[in-house]
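Engineer: Sequence:
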Amino acid sequence: MASSTASRMLRNPKVRLATKMVASLAVPAVPILYWYKSALDDRSAKAEEVRTKVRIPNVQTIDDLMVEKCHPGDVLLFDRRCHKCATGPVAAMSCLVGRSLLCGDDKGGHRNVDTGLFDHCGIVVPGTGSTKAERYDPSNLLLLEATAGEGIVARPLLTRLEMSQSRSVLLLPLSSPGERRNDEDYEPSDKTIRAQERLTKQLNNFRQKWVEVSDKQGYRGAHSTLGIIGAVAYGLGLHHLCPAPVSPSAWLVVSALQEAGVGLNVEERAALEARVEDFLRDYRFHEKDTVRLRPGWKFMPPVIVRETARS
Numbered sequence: 470m471a472s473s474t475a476s477r478m479l480r481n482p483k484v485r486l487a488t489k490m491v492a493s494l495a496v497p498a499v500p501i502l503y504w505y506k507s508a509l510d511d512r513s514a515k516a517e518e519v520r521t522k523v524r525i526p527n528v529q530t531i532d533d534l535m536v537e538k539c540h541p542g543d544v545l546l547f548d549r550r551c552h553k554c555a556t557g558p559v560a561a562m563s564c565l566v567g568r569s570l571l572c573g574d575d576k577g578g579h580r581n582v583d584t585g586l587f588d589h590c591g592i593v594v595p596g597t598g599s600t601k602a603e604r605y606d607p608s609n610l611l612l613l614e615a616t617a618g619e620g621i622v623a624r625p626l627l628t629r630l631e632m633s634q635s636r637s638v639l640l641l642p643l644s645s646p647g648e649r650r651n652d653e654d655y656e657p658s659d660k661t662i663r664a665q666e667r668l669t670k671q672l673n674n675f676r677q678k679w680v681e682v683s684d685k686q687g688y689r690g691a692h693s694t695l696g697i698i699g700a701v702a703y704g705l706g707l708h709h710l711c712p713a714p715v716s717p718s719a720w721l722v723v724s725a726l727q728e729a730g731v732g733l734n735v736e737e738r739a740a741l742e743a744r745v746e747d748f749l750r751d752y753r754f755h756e757k758d759t760v761r762l763r764p765g766w767k768f769m770p771p772v773i774v775r776e777t778a779r780s
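Numbering-wise (this note's numbering), the sequence shown opens with residue 470 and increments by one.
Everything labelled a hint here was simulated from the structure, so no lab data went into it. Do not rely on the hints blindly, as some may be mistaken.
[Claimed, not checked] Computed cross-link-like contacts, DSBU-like style, restricted to lysine-lysine with a CA-CA straight-line distance of at most 30 angstroms: (1) K538 / K685; (2) K767 / K678; (3) K601 / K757; (4) K601 / K506; (5) K670 / K660; (6) K660 / K685; (7) K538 / K670; (8) K506 / K522.
Construct all of the structure, not just a fragment, from the sequences and the given hints.
Structural biologist: Right, here's the structure in full:
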């Protein structure tokens with residue numbers, strides 16, 4: 470009885486069609502699930518490596534030394550490995566689409582670096598200490614960035630660098646008017662100190678506001694979709710009509726610079742149409758595809774924070 474019922478069901482055209490549809494979805498799902506599990510395992514292993522890292526007192530690692538060079542307002546660029554994305558298939562797809570359509574020398578002209586496809590960025594912001602000294606302490610600095618996993622989030626800068634599995638990470642030091650960051654004997658003027666304090670205060674306010682907005686509106690669920698829409702619109706030449714940012718991470722950083730009084734806000738859609746690699750082009754020599762700063766402010770030459778194999 471049961472076998473005859475099953476036989477009739479299998480002969481039903483609708484059941485057969487449904488079976489074929491399930492099979493057609495299951496075949497590509499297997500390698501995707503395998504990749505996703507591998508990415509999660511890699512992320513867990515990296516987190517455990519960082520957690521159990523032996524830290525010798527008074528002995529600094531390369532990451533420690535790099536963090537000491539960072540100031541609020543500095544920008545970090547990441548050349549990510551999309552296959553290491555443990556947030557999910559849509560986030561990995563967003564990474565791949567962005568790299569394909571937004572990165573490279575053919576997407577806006579000459580850059581300040583020769584290698585790498587930088588598709589993600591974040592901005593250094595002051596920490597959350599109770600005192601001014603704690604907030605300005607390099608060990609308490611945070612990296613503010615737009616992500617698929619946690620939305621707009623500010624994480625400890627040192628931990629963020631140690632957890633990164635990117636091919637390359639670049640630091641773009643931000644210099645205020647009259648500042649000489651590479652001169653060890655340089656004593657900043659009162660004007661320079663006031664400019665830096667104003668920048669730090671505005672970045673702190675920006676961080677608090679946008680982290681709260683992200684949590685309330687569930688930004689993390691929309692990040693990857695926005696990234697795909699923005700990159701495809703740019704590839705089709707329709708980005709000037711698209712309400713989504715071309716690059717969500719670049720939009721956040723440019724918006725932070727503008728709100729802090731550093732970024733030049735002469736075009737209404739400057740932040741929405743910014744790409745990560747626009748930071749690598751000097752606005753003094755390029756009219757397009759660059760991040761424009763107010764007079765006196767500038768990004769110094771890129772500093773390689775980390776560079777690994779190109780795989």
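Engineer: Could you tell me which of the numbered hints above are not met by this structure, giving the numbers in increasing order?
Structural biologist: Hint check: 1, 3, 4 and 6 fail, others pass.
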